[in-house]
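Colleague: Throw the hints in and build the complete structure from the sequences for me.
Going line by line, the protein sequences match chains E and P. Using my numbering, the letters of the first sequence correspond one by one to residues 1 to 112. Using my numbering, the letters of the second sequence correspond one by one to residues 1 to 117.
Mixed in with the good hints, there may be bad ones.
Said to hold, decoys possible - Now the in silico label distances, taken between C-beta atoms and shown as ranges:
(1) E:Phe46 to P:Lys41: 32 to 40 Å
(2) P:Arg64 to E:Ser12: 37 to 45 Å
(3) P:Tyr74 to E:Gly41: 19 to 27 Å
(4) E:Arg57 to P:Asp56: 22 to 30 Å
(5) P:Gly3 to E:Asn67: 45 to 53 Å
It should be emphasised that the hints constitute simulated quantities derived from the structure, not laboratory data. No residue lacks a Cβ here, since even glycine has one placed at the ideal position from N, Cα and C.
For reference, the chains in residue letters:
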Amino acid sequence: GESVGLHLPTLSVQEGDNSIINCAYSNSASDYFIWYKQESGKGPQFIIDIRSNMDKRQGQRVTVLLNKTVKHLSLQIAATQPGDSAVYFCAENKGGAYKYIFGTGTRLKVLA
Amino acid sequence: EAGVTQFPSHSVIEKGQTVTLRCDPISGHDNLYWYRRVMGKEIKFLLHFVKESKQDESGMPNNRFLAERTGGTYSTLKVQPAELEDSGVYFCASSQQPPDSSGNTIYFGEGSWLTVV
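Modeller: The structure is reproduced here in structure tokens:
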């Protein structure tokens, strides 16, 4: 069935280093992908999205890469800060559908 | 502009009791969604409203769950009777348009954290 998964459940990164969070998806028909950040006790917060006609999209300190050949999505965070500590979810959506399929999440721990 | 708001933020109830969760979407958003995340698992879709109409409730676990959106504004999600496996966080989200590849994304509330004991 359709699924979106993450390779690493927990990622520990030194403050100031770059972080890379990976996600695999199985539905080749998905054409919209989103990264959410969930801090403790809060709801998922939109970070960045990318459409399937793009390979890369940059935001402020974040970059999303999409590799449709291997159905892989990644989130890169530059100069990771303590405030980046959270659980990160990737989600996929198929055009015309209204529900997101989420992965299980990756916990990012930023070490001082 | 106020975001998606949910009430209560936390609730602890006994097995067999009833709990009603409320969601107020972002003003002007016709699309309202309920998702939930049980411990250690992914966030899963429950249902989708467009205004007051249920478009898809395929994710609702069973008939103990009832969602309503009378008047097309706020929504409630009732669990009756609650079971232990219902524990988790229930997220409400809203959007102006359904999410699609044009970049119409959805915005989540902070969740209602439910513990059934």
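Colleague: Against each hint, give a clear statement of whether it holds in the structure.
Modeller: Hint check:
no.	hint	result
1	E:Phe46 to P:Lys41: 32 to 40 Å	violated, 21 Å
2	P:Arg64 to E:Ser12: 37 to 45 Å	holds, 40 Å
3	P:Tyr74 to E:Gly41: 19 to 27 Å	holds, 22 Å
4	E:Arg57 to P:Asp56: 22 to 30 Å	holds, 28 Å
5	P:Gly3 to E:Asn67: 45 to 53 Å	violated, 33 Å
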